[in-house]
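Number of protein chains: 2
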Amino acid sequence: MRTSRFFLSTLKEAPSDAEVISHQLMLRAGMIKRLAGGIYTWMPLGLRVLRKVEKIIREEMNGAGAIELSMPAVQPAELWQESGRWEKYGPELLRCKDRHQRDFVIGPTHEEVITDVVRKEVKSYRQLPVHFYQVQVKFRDEIRPRFGVMRGREFLMKDGYSFHSSFDDLQREYRNMFDTYTRIFTRLGLKFRAVAADTGSIGGTGSHEFHVLADSGEDALAYCPDSDFAANVELAEALAPSEGRAAAAADLQKVATPGRITCEEVAAFLDIPVTRMVKAIAIVWNGKAEGFAGLALILLRGDHHLNELKAQKTIGEFRFARDDEIIAALGCPPGYIGPVGIANIPVFADRSVAVMSDFVCGANAKGFHLVGVNFVRDLVDPMLVGDFRDVVAGDRSPDGRGRIELCRGIEVGHIFQLRSKYAEALKCSFLDECGQSRFMEMGCYGIGVTRVVGAAIEQGHDQRGIIFPAAIAPFQVCIVPMAYAKSDAVRAAADALYAELTHAGIDVLLDDRDERPGVMFAEMELIGIPHRVLVGERGLAAGKFEYKGRIDAESQLLPMTEIRQFLQDRLCAA
Amino acid sequence: MRTSRFFLSTLKEAPSDAEVISHQLMLRAGMIKRLAGGIYTWMPLGLRVLRKVEKIIREEMNGAGAIELSMPAVQPAELWQESGRWEKYGPELLRCKDRHQRDFVIGPTHEEVITDVVRKEVKSYRQLPVHFYQVQVKFRDEIRPRFGVMRGREFLMKDGYSFHSSFDDLQREYRNMFDTYTRIFTRLGLKFRAVAADTGSIGGTGSHEFHVLADSGEDALAYCPDSDFAANVELAEALAPSEGRAAAAADLQKVATPGRITCEEVAAFLDIPVTRMVKAIAIVWNGKAEGFAGLALILLRGDHHLNELKAQKTIGEFRFARDDEIIAALGCPPGYIGPVGIANIPVFADRSVAVMSDFVCGANAKGFHLVGVNFVRDLVDPMLVGDFRDVVAGDRSPDGRGRIELCRGIEVGHIFQLRSKYAEALKCSFLDECGQSRFMEMGCYGIGVTRVVGAAIEQGHDQRGIIFPAAIAPFQVCIVPMAYAKSDAVRAAADALYAELTHAGIDVLLDDRDERPGVMFAEMELIGIPHRVLVGERGLAAGKFEYKGRIDAESQLLPMTEIRQFLQDRLCAA
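Line by line, the protein sequences are chains X and L.
In this text, residue positions in the first sequence follow this note's numbering: the first is 1, and each later residue adds one.
In this text, residue positions in the second sequence follow this note's numbering: the first is 575, and each later residue adds one.
Just so you know, not all the hints are guaranteed correct.
[What the hints assert, rightly or not] In silico DSS-like links for lysine-lysine, alpha-carbon gap of 30 Å or less: (1) L:K694 x L:K1001; (2) X:K33 x L:K607; (3) X:K191 x X:K548; (4) L:K607 x X:K55; (5) X:K120 x L:K694; (6) X:K33 x X:K191; (7) X:K12 x L:K697; (8) X:K123 x L:K697.
Hints in this document: simulated from the structure, not taken from any laboratory.
Bear in mind that the values here come from a model prediction, so they are computed numbers and not experimental data.
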């Protein structure tokens, strides 16, 4: 493509209402154009990226045995009434009436339609399994559309639905899709993680989310760089430290810590690491099974944070104690409370606390802490030791294969075992080998195609603009000729290079405008083209082109005869 | 593709509500599945055809310099209010309100949206011309959707919009699109005609329709096989016969024609060709300019039909005379009226009549006609000679390059010079070379992508099913093995052939099901695969495959080593 025949339209500044970097850069690069809130036109530059994402998804879905079809955007209300979602879906469902006053929806998803197709088309176990997918426009009437295509109202989605005669077979296809999604996001050139919706292991769970890793992501994730483990931080299990509890070495002492309340303040005051601190959180616990109701303490290491969900799972219902309840029970305000010298107050400890010795905690006296505290010697072992906290970087990975790191992610894919929910609601059944009618098992598998583009930019950008993976960049290579219009030599060399690269199957943009090189450089960097070749008279005289990768610090001179091979090698390596 | 990994689902009988053959065959072949009136799911088989049509359209549009983008389906009402179509469009426009009670439409077309994009993006003549197109889902709430995808409510359309700084440049692009559409429909393998919306010549007119020729088409067309001329029958000009009026040779005679009223009856009774007859049509003419109001006659050759539109254009307003008005003026009932011996009654004659001599017409006496009638000798020349009739097969083509033939067509494309209608309504202007602000000139260019598929089937089918052009067939070649599951030799040969053809870039379906050959043959013919190769043990023993083209009467045995080249030759020739 030549810029003179293409439509580039970049902006120096992003509109002020663009909150996130991908939205800002997509507007500045001229990839999208706002039509209404959460509704965008994909301009030629953006559409090229979108189509490349689509193509990779299609190739991998087809390769995995899924079959493409195309369902309508406008769907009759009857199907949604049958599934019960006409009432349940809420205002995100855009509804309308046709000229005959019949109700329709603009499809936000297609479980109803595909189940209707399958219940009419598939009658026998012999026709199962079957997996249909489509790449199709959806509409969800978000209350506050924002972040550009990351949370738009009209968006492009790959949605697939598989139907099975048994749960075993659904699980087989689920794993197939897990692998397929892994291949898709790998080919897209994105750093990503598959995250189990519950425990973090693939076996037996009903749902995985695929997250593109980016600092701006809405979800906090824990993952292990040495294994496939990944989970939402809130759900990742914090294992007990592998080392056991050391023997007591220090004496128990009461020290004044005037005005120091938080663990960080106390640790700084005492000049010890905060990991030597134990904090006590006072709760009002309703331990019915234990015949107890009243104040209790949860102990955490000083640098850890309570995970309420895990705590509720482990000990049942509780609420945080009020200051007056704490003072009444322990005789001092929060900030100085601790587990030593208390009676009839249950103590729960996080696994990390249970292995500590010579630690520091509140003395249950205002302005004082205890140092050199040890279980057994100074206080009894906790009533219960469990996982009460969020994982932190450096924790052992729950799969035992390395250390956890933290990151943020953007959900771009989701695979889900629906089981027979829709099949039962819509009476989608088949005759099994024994002639018995049974409901089908069903899985669904989505990728937010438009969102992938936004997420790729959240992951890949710098001060100068977008850094696209080569697989989805609008063009793989740009040729920037200096004085294309004025220099016959430059024009001839640029045209020849353009022809050579295009012939080799490389997606090239030749910037044949009469612009200053600085303007062209800035624009090519803004729109995220991975490889740039400068054609100038000085280089030509020496038989060289000047190459610069999008993220390279310096350009390099390469012999004209070697440039094609050089680019092909770079593109293959990407 | 192997049938075992694909989803074929054919029907023996079409549902009774399918009125036209393409609808019946698309349902029977399992190409589409009805979701609601005029709303269809494109099943995998149908989608393959649709995608091939799309691909050809895209390649030609890109090649012609148009740039693809993608506009939203859901559009804000404000733009439609700005263009005035919010009120004018009527109930075909599907309207809805979002959760904030703002009005939206599900786009039936995109003039408003693209004009909004362009008015924001294009400011200078330097950015013009520009031509954007998309392949996008549209919705038109037809009052009576029918004929399957031929007149659906949700459908896929290629819509392009070009913007120009001058009318000259719009006309240049219009011709470019005329040529591009011609290439597209040629590559699609369809018999088609470009039909001018008015006079039938490309120069200077504002609109052309592209029709796929099919007996079932809704539009009657006149075309010239020896030139590009084509027009709606109602609009095609009927030229004067090239031969002049012969001298009178017969005497005028009054003959009894009892009970014979129509030209056909009289001609049969007199044993003469109906082309020797002249029929007179009595009208009440309001010839204001001529100071006349009252009965008048229009004369047509016996085999011709009045074209009211042309007649109104030529002589102005009129209505058909009532029987009592005819009897009062001419003294006889219709069926026996004629132009001889009448006074003060204006006579208009079609060009074909004006050159006749020795003709037969009504005698203005019940039960009698005149034979051997001649202008000048027996009656004065007509007051006005003009084009009053529909063209018929054999007429001279208006471009003077051959004879007209008649056919029926299905409109699948439309190109249109919109001029500045939308640009003015939406204030889409640019600064010209002199810094003056001017409205852009605009063209629009549509192809009904889903409709093309239906039209192709209307044009290509027989008793056994669909006959697709190879360019858009769901598969180009099918391999039908006899006893694939049971015969190792057949399976090995079929698999090897499948691999060889696929490797050669041929789109092959290998029917690896355990079905009887008759069932497989019928299904492959129903779904319209152009080329079939049968692999059987008997043929293999002789080193042969059995080939049959979809429209061949007989199959032929071909050496196994030659089949690939044979198929490639056939596919290239198509």
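Now for the hints, and whether the structure bears them out:
{"no.": "1", "hint": "L:K694 x L:K1001", "verdict": "holds, 10 Å"}
{"no.": "2", "hint": "X:K33 x L:K607", "verdict": "violated, 35 Å"}
{"no.": "3", "hint": "X:K191 x X:K548", "verdict": "holds, 23 Å"}
{"no.": "4", "hint": "L:K607 x X:K55", "verdict": "holds, 25 Å"}
{"no.": "5", "hint": "X:K120 x L:K694", "verdict": "violated, 48 Å"}
{"no.": "6", "hint": "X:K33 x X:K191", "verdict": "holds, 27 Å"}
{"no.": "7", "hint": "X:K12 x L:K697", "verdict": "holds, 16 Å"}
{"no.": "8", "hint": "X:K123 x L:K697", "verdict": "violated, 59 Å"}
Checked against the numbered hints above, the structure violates hints 2, 5, 8; every other hint is satisfied.
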